[in-house]
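Colleague: Sequence:
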Amino acid sequence: MNTTITDVIFDRLKEILTEKGVAPTAVRPDAHLIRDLGLDSLDTVDLMMELEQEFKIRITDEQMNQTRTVGQVAELVLRHRADC
2 MNTTITDVIF
12 DRLKEILTEK
22 GVAPTAVRPD
32 AHLIRDLGLD
42 SLDTVDLMME
52 LEQEFKIRIT
62 DEQMNQTRTV
72 GQVAELVLRH
82 RADC
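Note that our numbering gives residue 50 to position 49 of the sequence shown, counting from 1, and the numbers run on in steps of one.
Everything labelled a hint here was simulated from the structure, so no lab data went into it. Just so we're clear, the structure is a prediction, and the values are computed from it rather than from any experiment. Be careful, since some hints might not be right.
[As the list claims (entries may be wrong)] Derived DEER-like restraints, expressed as beta-carbon distance ranges: (1) Q64 to K21: 19 to 25 Å; (2) M50 to D12: 23 to 29 Å; (3) S42 to D8: 15 to 21 Å; (4) T4 to V46: 17 to 23 Å; (5) R29 to N66: 19 to 25 Å; (6) G22 to E55: 16 to 22 Å; (7) Q64 to D37: 29 to 35 Å; (8) T4 to L43: 17 to 23 Å; (9) D47 to R80: 17 to 23 Å; (10) A83 to T26: 25 to 31 Å; (11) K57 to R36: 18 to 24 Å; (12) T61 to A24: 26 to 32 Å; (13) L43 to E63: 27 to 33 Å.
No residue lacks a Cβ here, since even glycine has one placed at the ideal position from N, Cα and C.
Based on the provided sequences and hints, a complete structural model is requested.
Modeller: Below you can see the structure in the form of structure tokens.
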């Protein structure tokens, strides 16, 4: 089985969200962070900070505010990792 960086990012994102009380089965690429997963703005900021620390990236407030779904979060992390 080949594990890609995308798989690693998604798996870690799923772990973080599960630690926040989100059901693992709810974490899908199309799941909306607020509407589907029940995160509030503080949870979203906390999530982005954890991802910044975990993946050694910097996410701007503008990028964070434009990110709505789990898939978009994973893509954002992947883009930043590619820039490193």
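Colleague: Decide, hint by hint, whether the structure agrees.
Modeller: How the hints compare with the structure:
no.	hint	verdict
1	Q64 to K21: 19 to 25 Å	20 Å, holds
2	M50 to D12: 23 to 29 Å	19 Å, violated
3	S42 to D8: 15 to 21 Å	28 Å, violated
4	T4 to V46: 17 to 23 Å	29 Å, violated
5	R29 to N66: 19 to 25 Å	22 Å, holds
6	G22 to E55: 16 to 22 Å	19 Å, holds
7	Q64 to D37: 29 to 35 Å	20 Å, violated
8	T4 to L43: 17 to 23 Å	32 Å, violated
9	D47 to R80: 17 to 23 Å	21 Å, holds
10	A83 to T26: 25 to 31 Å	29 Å, holds
11	K57 to R36: 18 to 24 Å	30 Å, violated
12	T61 to A24: 26 to 32 Å	30 Å, holds
13	L43 to E63: 27 to 33 Å	18 Å, violated
Of the numbered hints stated above, those contradicted by the structure are hints 2, 3, 4, 7, 8, 11, 13, listed in ascending order.
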